[in-house]
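**Q** Work out the full structure, taking the sequences as your base and the hints as a guide.
Protein chains: 2
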Amino acid sequence: MIDLAEAIGLVEAAARPLGPRRVALASADGLRLAAAIAADGDSPPWDRAMMDGFAVRDADIVPDGVTELDVVVDLAAGDVTALPIPPGCCARIMTGAPLPAGADAVVPVECALDGTAGTHAGGRVRLRDGRYRAGQHVARRGTAFRRGQVVLPEGTVLSPAAIGLAVEAGATHVVVAAPPRVAILATGSELVPPDSIPAHGQTRNSNGPMIAAAVRAAGGEAVALGSVGDRPEAIRAAVAMGLAADILVLSGGVSAGDLDLVPEAFAACGVAEVFHKVRMKPGKPVWFGRRARGDGQTLVFGLPGNPASSLVCFELFVRPALAILRGLAPRHWHLPRVRGVLSAAARGAGDRPVYAPCRVHASGTGYAVEPLAWSGSSDLVGLAVAEGLMVLPAGSGTLPAGTEVDVVIRTGDGG
Amino acid sequence: MIDLAEAIGLVEAAARPLGPRRVALASADGLRLAAAIAADGDSPPWDRAMMDGFAVRDADIVPDGVTELDVVVDLAAGDVTALPIPPGCCARIMTGAPLPAGADAVVPVECALDGTAGTHAGGRVRLRDGRYRAGQHVARRGTAFRRGQVVLPEGTVLSPAAIGLAVEAGATHVVVAAPPRVAILATGSELVPPDSIPAHGQTRNSNGPMIAAAVRAAGGEAVALGSVGDRPEAIRAAVAMGLAADILVLSGGVSAGDLDLVPEAFAACGVAEVFHKVRMKPGKPVWFGRRARGDGQTLVFGLPGNPASSLVCFELFVRPALAILRGLAPRHWHLPRVRGVLSAAARGAGDRPVYAPCRVHASGTGYAVEPLAWSGSSDLVGLAVAEGLMVLPAGSGTLPAGTEVDVVIRTGDGG
Numbered sequence: 001m002i003d004l005a006e007a008i009g010l011v012e013a014a015a016r017p018l019g020p021r022r023v024a025l026a027s028a029d030g031l032r033l034a035a036a037i038a039a040d041g042d043s044p045p046w047d048r049a050m051m052d053g054f055a056v057r058d059a060d061i062v063p064d065g066v067t068e069l070d071v072v073v074d075l076a077a078g079d080v081t082a083l084p085i086p087p088g089c090c091a092r093i094m095t096g097a098p099l100p101a102g103a104d105a106v107v108p109v110e111c112a113l114d115g116t117a118g119t120h121a122g123g124r125v126r127l128r129d130g131r132y133r134a135g136q137h138v139a140r141r142g143t144a145f146r147r148g149q150v151v152l153p154e155g156t157v158l159s160p161a162a163i164g165l166a167v168e169a170g171a172t173h174v175v176v177a178a179p180p181r182v183a184i185l186a187t188g189s190e191l192v193p194p195d196s197i198p199a200h201g202q203t204r205n206s207n208g209p210m211i212a213a214a215v216r217a218a219g220g221e222a223v224a225l226g227s228v229g230d231r232p233e234a235i236r237a238a239v240a241m242g243l244a245a246d247i248l249v250l251s252g253g254v255s256a257g258d259l260d261l262v263p264e265a266f267a268a269c270g271v272a273e274v275f276h277k278v279r280m281k282p283g284k285p286v287w288f289g290r291r292a293r294g295d296g297q298t299l300v301f302g303l304p305g306n307p308a309s310s311l312v313c314f315e316l317f318v319r320p321a322l323a324i325l326r327g328l329a330p331r332h333w334h335l336p337r338v339r340g341v342l343s344a345a346a347r348g349a350g351d352r353p354v355y356a357p358c359r360v361h362a363s364g365t366g367y368a369v370e371p372l373a374w375s376g377s378s379d380l381v382g383l384a385v386a387e388g389l390m391v392l393p394a395g396s397g398t399l400p401a402g403t404e405v406d407v408v409i410r411t412g413d414g415g
Numbered sequence: 416m417i418d419l420a421e422a423i424g425l426v427e428a429a430a431r432p433l434g435p436r437r438v439a440l441a442s443a444d445g446l447r448l449a450a451a452i453a454a455d456g457d458s459p460p461w462d463r464a465m466m467d468g469f470a471v472r473d474a475d476i477v478p479d480g481v482t483e484l485d486v487v488v489d490l491a492a493g494d495v496t497a498l499p500i501p502p503g504c505c506a507r508i509m510t511g512a513p514l515p516a517g518a519d520a521v522v523p524v525e526c527a528l529d530g531t532a533g534t535h536a537g538g539r540v541r542l543r544d545g546r547y548r549a550g551q552h553v554a555r556r557g558t559a560f561r562r563g564q565v566v567l568p569e570g571t572v573l574s575p576a577a578i579g580l581a582v583e584a585g586a587t588h589v590v591v592a593a594p595p596r597v598a599i600l601a602t603g604s605e606l607v608p609p610d611s612i613p614a615h616g617q618t619r620n621s622n623g624p625m626i627a628a629a630v631r632a633a634g635g636e637a638v639a640l641g642s643v644g645d646r647p648e649a650i651r652a653a654v655a656m657g658l659a660a661d662i663l664v665l666s667g668g669v670s671a672g673d674l675d676l677v678p679e680a681f682a683a684c685g686v687a688e689v690f691h692k693v694r695m696k697p698g699k700p701v702w703f704g705r706r707a708r709g710d711g712q713t714l715v716f717g718l719p720g721n722p723a724s725s726l727v728c729f730e731l732f733v734r735p736a737l738a739i740l741r742g743l744a745p746r747h748w749h750l751p752r753v754r755g756v757l758s759a760a761a762r763g764a765g766d767r768p769v770y771a772p773c774r775v776h777a778s779g780t781g782y783a784v785e786p787l788a789w790s791g792s793s794d795l796v797g798l799a800v801a802e803g804l805m806v807l808p809a810g811s812g813t814l815p816a817g818t819e820v821d822v823v824i825r826t827g828d829g830g
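As they're listed, the protein sequences go chains A and B. The first sequence: position 257 = 257 (the working numbering), numbered continuously. The second sequence: position 184 = 599 (the working numbering), numbered continuously.
Think of the hints as simulated: they come from the structure by calculation, not from any bench. Check each hint, because a few of them may be wrong.
Simulated restraints on C-beta separations [unchecked claim]:
#	chain 1	residue 1	chain 2	residue 2	range
1	B	588	A	149	44 to 50 angstroms
2	B	809	A	366	33 to 39 angstroms
3	A	149	B	615	18 to 24 angstroms
4	B	614	A	149	17 to 23 angstroms
5	B	442	A	327	40 to 46 angstroms
Here a beta-carbon is modelled for each residue, glycine too, at the ideal position from N, C-alpha and C.
**A** In structure tokens, the structure reads:
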């Protein structure tokens with residue numbers, strides 16, 4: 001059994017920032033490009049009509065007068081023609097369609113005279129465009145970007161506009177500083193899925209959804225592996241699957257009995273133990289190790305099965321690991337702490353520091369710390385409404401109201 | 416054609432905060448409960464062993480001495496027995512298992528003497544527990560919460576602990592202030608999916624992923640409907656599907672030509688037009704309407720198909736609608752604006768205010784506004800690296816360097 005500060009130091013020492021990863025553009029909102037994106041073609045890819053109207057030849061237009069032209073083809077968006085527009089002719093064209101060869105400009109449909117606005121191929125249109133400029137209402141090929149041009153440099157944050165541009169440039173996947181993948185597994189033959197009605201002796205797997213939410217709040221990508229019963233082969237198989245992730249968070253099966261198969265399964269899967277058991281309450285049985293994976297590693301946390309213990313261990317051990325993998329600066333590794341004064345007595349544990357749920361109120365120039373009712377490591381009621389975890393030092397017995405204590409503030413994602 | 420301020424006012428007047436919605440707990444991270452959650456059973460649901468060891472009868476324990484007991488049953492987590500523990504006997508029990516009838520307390524496995532720690536049913540165990548207290552290492556039924564008790568009051572934010580507690584309490588779905596659902600549809604026969612190689616005349620649907628990312632960044636839930644060609648029945652069918660959402664954002668098909676089938680499809684689906692065409696650049700053809708749905712409504716936006724126009728219209732019209740549906744205060748409806756000084760000349764449009772991409776730098780006590788190269792409504796390159804949209808007023812012609820302008824800042828989600 002080691003001290004909490006030493007344990008946290010060992011986690012910090014083991015964690016390394018992740019390298020860039022290739023992800024689907026559809027799940028890359030707000031991520032930062034670790035490699036530039038170059039265009040796979042020109043944009044616009046061809047001379048494109050920017051108005052609905054008639055694609056004309058500059059030379060045919062009568063300045064400040066009326067131009068009469070034969071309409072030889074109808075071009076909607078998506079339509080193309082291989083035939084050039086002959087002199088004295090035009091194409092009916094819709095916004096977004098490629099300008100046909102021979103044509104230089106678009107005269108808007110509003111400029112058609114004498115009811116000829118609806119003229120289609122085979123008809124004759126009369127146009128007056130007093131403000132006509134050569135090449136008007138055409139977006140020329142390549143004016144936004146050219147094939148091969150870097151349109152999104154390394155380091156760009158994928159804003160909505162950048163995502164649209166990446167699609168235009170032909171990128172379906174992007175190389176980014178991606179959120180760490182965290183596999184989440186619960187062990188225990190008593191566990192049933194969250195949407196089940198438990199029979200006698202059974203318990204809903206509440207750790208899975210809880211830890212998944214904690215992972216997302218801390219900037220990770222949660223990969224839910226559900227729960228597995230207390231059978232050595234089943235646990236080994238599930239652990240092996242979880243080792244594909246950057247972090248594996250398992251809950252349950254790390255205390256002292258002969259059904260504590262988890263450390264065995266870790267060993268069988270090649271996970272090297274860094275520590276097991278930490279002087280703290282709740283959370284004493286917590287296990288931590290690491291396993292090489294390719295040129296990186298998987299960090300492996302075995303959290304106690306009781307939900308309050310599991311969540312406290314997540315906040316103290318898994319959160320800093322996630323922050324380090326994300327490449328965050330040390331000031332973002334841990335939840336913030338404040339000092340405050342107990343507004344009521346709180347009972348510590350003789351041998352270990354206690355992390356217990358509390359509310360925190362502004363009081364004068366400091367904080368008042370209000371202990372919440374808490375029946376122990378399986379009780380989430382206090383934690384669900386808590387604003388923080390008050391830290392009651394080891395050996396302190398019952399702390400009277402007025403004692404100053406540290407509080408770990410549970411809001412915010414640390415990033 | 417109406418002025419931009421009037422158009423924005425019409426959107427604000429039409430939008431209403433959404434009522435609460437029932438969502439799956441798995442997608443409720445961070446949302447606020449609009450209805451309390453009461454427990455569907457006690458927690459713990461039975462007296463639960465909190466250590467691995469032996470479930471004993473208080474009366475059998477020899478204080479400060481050695482207690483010898485027959486082990487009559489082995490109970491792992493998930494195991495139950497209907498038989499009570501007789502006097503002079505005990506059960507081998509694992510953490511998380513229900514305490515059998517007759518037993519009062521758990522003696523940890525570490526207290527077994529003379530190598531009897533591994534004793535199973537049929538054997539005899541010798542125990543010495545110097546710190547024995549009646550009822551120790553048992554979490555009593557209902558000490559965390561009782562069946563019917565409100566464990567999560569209305570207004571609770573669904574933190575990870577609250578999600579764990581909701582699972583324990585039997586909630587699979589929760590009533591919350593949920594993000595507005597925004598259906599996203601692109602029209603145009605030229606469109607192909609983002610992962611396609613476009614043929615001549617075709618264009619990747621970049622608006623879909625771009626608007627979806629913008630919706631998520633503004634706190635909405637994006638429902639991607641892909642793209643649909645320029646056929647009246649196809650557009651009507653897709654619009655009808657989109658009308659199931661709180662907001663339908665369609666892009667393309669709202670300008671002037673005879674293939675502008677979108678306003679027709681809106682009318683055919685019962686969407687009442689509020690406005691069509693706004694004095695602004697880009698984005699002039701924008702369309703807005705509403706349709707009753709149950710006791711609520713769907714707000715319908717027809718954005719221009721060019722991507723830059725589409726995004727500018729999203730930020731100016733759809734964003735405030737989303738904010739109002741979310742119930743946000745007016746100060747969060749729009750992106751923030753700052754005043755700054757042009758560091759280079761910028762060309763406005765004679766008849767309409769222009770919203771054009773720019774960078775914004777701190778400069779002295781104010782901001783310098785650097786216009787970005789921009790070839791118009793189909794060019795996302797400038798927008799992708801822009802920090803804001805500078806507003807060049809109507810009728811201003813070319814504004815020289817040094818002119819003071821408004822800038823809409825494009826970062827932040829407004830919530």
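**Q** What are the numbers of the hints the structure violates, in ascending order?
**A** 2, 5
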